[in-house]
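Sequence order for the protein chains is A and B.
Residue numbers 1 to 676, in this note's numbering, belong to the letters of the first sequence in order.
Residue numbers 1001 to 1253, in this note's numbering, belong to the letters of the second sequence in order.
A hint or two may mislead.
Calculated lysine-lysine pairs in the BS3-like style (CA-CA distance at most 27 angstroms, straight line) [unchecked claim]:
1) B/Lys1014 with A/Lys408
2) A/Lys523 with B/Lys1002
3) A/Lys543 with B/Lys1014
4) B/Lys1014 with B/Lys1049
5) A/Lys43 with A/Lys279
6) A/Lys543 with B/Lys1150
7) A/Lys40 with A/Lys50
8) A/Lys543 with A/Lys671
9) A/Lys50 with A/Lys128
10) A/Lys40 with A/Lys543
11) A/Lys381 with A/Lys543
12) A/Lys528 with B/Lys1245
13) A/Lys671 with A/Lys279
14) A/Lys666 with A/Lys279
15) A/Lys666 with A/Lys32
In case anyone wonders, no lab produced these hints; they're calculated from the structure.
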Amino acid sequence: MTTTAPAKKAAVKTGDPALAFYRLGADISDSKAPDVDIEKMWKTRQFQAKLVNPSNRRKLTVIIVGTGLAGGAAAATLGEAGYNVLNFCYQDSPRRAHSIAAQGGINAAKNYRNDNDSTQRLFYDTVKGGDYRARETNVYRLAEVSANIIDQCVAQGVPFAREYGGLLDTRSFGGVQVQRTFYARGQTGQQLLIGAYQALERQIAAGTVTMYTRHEMVELIVADGKARGIVTRNMVTGAVESWFADAVVLATGGYSNLFYLSTNAMGCNVTAGWRAHRKGAYFGNPCYTQIHPTCIPVHGETQSKLTLMSESLRNDGRIWVPKKVEDCTKDPRQVPEADRDYYLERIYPAFGNLVPRDIASRQAKNMCDQGRGVGSAIAEKDFDGNPREVRRGVYLDFSDAIGRLGKKTIEARYGNLFDMYLQITGENPYEMPMRIYPAVHYAMGGLWVDYDLQSSITGLYVCGEANFSDHGANRLGASALMQGLADGYFVLPNTINDYLSAGPFPKVDATHPAAVEALDAVKGRIEKLLSIHGNRSVDSFHKELGAIMWEFCGMERTAEGLQIAIGRIRALREEFWTNVHVTGVNEDFNQALERAGRVADFLEFGELMCIDALHRRESCGGHFRAESQTEEGEALRHDDEFAYVAAWEYGGEDKPVLHKEPLVYKFIELKQRSYK
Amino acid sequence: MKITLNIWRQANAKAEGHLERYQLDGVSEDMSFLETLDMLNEQLTTEDKEPVAFDQDCREGICGMCGVVINGAPHGRYSSSVPTTTCQLHMRSFADGAEITVEPWRAGGFPLIKDLVVDRSAFDRIIQAGGFISVNTGSAPEAHSVPAPKLESDRAFDNAACIGCGACVAACPNGSAMLFTAAKITHLAMLPQGQPERYSRVKSMIAQHDAEGFGGCTNIGECASVCPKEIPLESIAQLNRDLMKSLFRREGK
C-alpha cells in the first residue's frame, strides 16, 4: 500500500503561464466514503444512510434530467421505490438518449470464464486504465455493483449474446487480460438502454414518473442554498417554465460536442452541467476527454458528425500512409510496398498497430501534419490562424489479412463494420484500404461529486458521463455503460435517500426570488439571442469553436497553444454575442434557437477546459501535454505535483477558482504505465 | 452536384402545408442526406428565411429520431441499395441534377408538429401498455440461473433491434403500427423472462395500438421492406398467434 501525499504548493511556481488564468482556492475532499476497509465501504455507507419510510416517499419529488442509461435507470428505480419523479429529456422519446449508440459491451466482474476475474481485479484495471487519476473509493464500488447490473438487465429481457448452452457469452476488450465484457452484437448500448427505457415506461404507466419529452433544461434553481428546481424550455411551444422538487439529478451526458465534430449525437450538450456550474457546482477535470483512433474521416466542410468503428479492426488491419507526399492522392493500390510507411509498426515494433488509443491517435495526426495524410483535403486554420488544407486520414489496410486468412474469415470478423464503412464512404474495404482518423467520443471530466454522487451544491446529484467520478484521465472500453447503469440503478437510489430523509423541504414555488431570477435570466438570454440579427449562423460559430478546440486542446496540447486557444475563444464569444443570426421566434418549434443556447454555453465552457489543460503540466490518460512525455513519446505523469482532482469553481467576471481534491491511494500502488 | 428539393413546409398542425421548391448547388456525393438539409438551412439562414424543421440526433442510424419520406419512400428506401435510416442515406444515391421530394411521416397516429417533424409519442404509450418485463431494480435473480436457448435469444435480438423510428407506419397504407408492436411482442416472447406476462402483454399493447388511431394490418408487407433494421414480417404472424392464444386467457385488457 502506498500513499501519495498531495503536493500543497507545487502548482504555484513562478513562470507557470496558467496562473494568469485562475485563482487557487482551498483543498476539498470527499466526506461521504466511510473510513473503513475498502471492501466494507459501500455496505457501511448504505447502512449509515438515513432512510425514507415507504409511505412518505410519494411526498418527495425528485427531478431527473436525462433519460440515458444513468438517468433512465435512476428514474425507473426511484419510481419503483415510490418517489414522485419528474423526468426530462430534449429528444422526442426517452428511448433516444445517446447511450443507445454504444457498440462494444459492458464489463462486469462475474468471473464466468474462471479466468481469475474479481471485484478486486476490475477495480485495479479501472484505476490503472484511468492512469491513476480516479478516486479509489468510487471505482471499487463500481466494480462491486457491476455483477448486479448484468443480473438486472437479463431479468429485464436484454438479449445479451449467449452460448449454445443458453448461458451468457463474454469477450475480452482493450487494456485487460480477462474476458469480462458482456455484449449484444455490436449494439450493446441500444439493448441496455431499451431495457432501462422499458423499466421507465412501466413506471410512467404506474404514475410514479411523469415524463416530459422535448423539454430542455436551461437553468438550475438554487433556493436558500439548495438545488430545488430547474427551468426548461418546451421545444415545441417555446414555453419557458420552472419546476420544483426536493432534489435535482443531472444525468445529462458528456460534452464532446464542444469539438463540433465528435461521435456524440447532434443534440448532446453541456448546458445543464454548465448552468449548474454557474450556480455553484464545481466542474471536475474538464480537460480529460477521450479520443478514439478508428473513426471514419471528415469528407468535407459540410461534415456534421463522425462515426466510430470498433477498435477491433486494428487486430487485422495494417495502418500506413505513403512515404512520398505525391502518392497521397493516388489510388492506394497503386502505391508500391516500398513506398508505404507502416508507421506504427516502424515506431513501435513490439506493439505495432495495437498500441493504445492515444498513441495511435497522436501518430495519425503527426503523419497528416507532415502532409502525408490521405483522402479529401480539409480546409482548416494553422497554429497562427492562417488557412491551410490538410488531408486528414490514414489507411487501414486489410489486403494482407484477406490474403492470409481469406475474405470469408475477414467477413465473419468485421462484416458489419465493412458494410457500415461502405454505406458511409461508398468505398468497398474488401477491395480498397479503409481511411480512418481519430475523433473525440467521451468526456471523463464532468461535474464534481462526492461518494454519494452529490455535487458541491446541496441537493444536486450528478450521474453517468455527466459526473467526473470513475474513469480518471482515461476510460477503458466497455466501462461507460457499466458506470451509467451502476449510478442509475444501484448507487444514486441508495444515497439520495440520506438527503431526502430530511425532507420534504419548505415549499419553493415560482414566487421565490431564486425562481423569479432564474426564469427572468432565461427569458432575457433568449430575447438577447433573437435580437442580435447578426451575419453569422449558429453553426458557423460552433464549427469555428470546434476547430480551435481540436487544434489546441485535442490530441496534443502545449502551453503556447492553449493560451492562443483561450484568446481565440474569448474573441469568438464576443463576436457570437454581437454577430450571431438566430432566425424565428421563441414561441415556436425553433431549432436554431435551441442550438444557439447550447453553443453559447460551449463558448464559456471551452475556455475553462483550456485553462484546466493549461494548468495540468503533466500528461495523463487522454490529456497529453507535449512538454511532458517519455523518450518513447508516451504520457508522463507527475504524481508529486498533480495527483489530485481539479475541481473548478465558477469565478463569474473574475477568474475561476481551482480547488484540489488530493487523490489518496491506499489500496493501489501508483505506477507509470508502459507499453514496451 | 446540383439538387432540387421539394420540401413539405407547414408552420404547425393547424396551418396549411405545401411543397416548397429549393435549389442547391455544390452538394458533394459524400454528404449525408441530413447534411444536405443542413446546407439548405445555412442557405436559408443567410437569406433570413426560416430553416426547415426536421428531427435527427445520433446520425449513425441507431437512435431512431430521424425519418422523412424521400421520393415517396420512408427513409428514401428505394433510392438506397441497402436498408437505411435517413441519416445514413448519402447523396451518392442520387444523380446530379436530381429532383427530390421530402415529406413528413403521414399517419393518423403521428400528428404533425412542424414541417417534417411529427409527434411519435404514441409509440411510448404502446410500450407503457405492457412492452416491458415487470422486475424492480434489485430483485433480479443471478443471470445464469435461467438459461435461454440461443436460437430464441437470437430471434429476440433481431426484434429488439427496432429503433422505433416509425417508418413502418409511414409506409403502411393503413397507417398501422403493427410491425413496431410485433417487434416488441416477439422480442419479449422469445425469452424465458418474458413468459409470465406474455399473453397479457400482447392483449394490452394491441388495445393501446388501436386506441392511438393506428390502422389494422392487412399483410401488405411494405413496413418490413422499408424497415431500416429489417424487422421481419413474420413477427406480425407471431403477434397474431400470441394474440389468438391470449383471447382464451383472462389477463390483459
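Results of checking the hints against the structure:
This hinted pair does not check out: B/Lys1014 and A/Lys408 have alpha carbons roughly 55 angstroms apart, beyond 27 angstroms. For a cut-off of 27 angstroms, the pair hint linking A/Lys523 to B/Lys1002 is broken: about 41 angstroms separates their Cα positions. With a C-alpha separation of about 36 angstroms, the suggested pair A/Lys543 and B/Lys1014 falls outside the 27 angstroms cut-off, and the hint is violated. With a CA separation close to 21 angstroms, the supplied pair B/Lys1014 and B/Lys1049 stays within the 27 angstroms bound.
Between A/Lys43 and A/Lys279 the alpha-carbon distance is near 33 angstroms, which puts this suggested pair outside the 27 angstroms criterion. Note on A/Lys543 and B/Lys1150: the hinted pairing is violated, with a Cα-Cα distance of about 47 angstroms set against a maximum of 27 angstroms. Straight-line distance between C-alpha atoms of A/Lys40 and A/Lys50 comes to about 18 angstroms, which keeps the hinted pair within the 27 angstroms bound. Taken as a hint, the A/Lys543 and A/Lys671 pair is broken in the structure, with Cα atoms around 39 angstroms apart against an allowance of 27 angstroms.
The suggested pairing of A/Lys50 with A/Lys128 is violated, with an alpha-carbon distance near 34 angstroms, which exceeds 27 angstroms. For the given pair, A/Lys40 sits about 49 angstroms from A/Lys543 by alpha-carbon distance, which is inconsistent with the 27 angstroms threshold. At most 27 angstroms may separate the alpha-carbon atoms for a hinted pair to count; A/Lys381 and A/Lys543 meet this at roughly 12 angstroms. Of the supplied pair hints, the one linking A/Lys528 and B/Lys1245 is violated, its CA atoms being roughly 61 angstroms apart against a limit of 27 angstroms.
Between A/Lys671 and A/Lys279 the alpha-carbon distance is near 37 angstroms, which puts this suggested pair outside the 27 angstroms criterion. The straight-line distance between the Cα atoms of A/Lys666 and A/Lys279 is roughly 34 angstroms, outside the 27 angstroms bound, and the hint therefore fails. Between A/Lys666 and A/Lys32, the direct Cα distance comes to roughly 17 angstroms. Compliance with the 27 angstroms bound is thereby established for this hinted pair.
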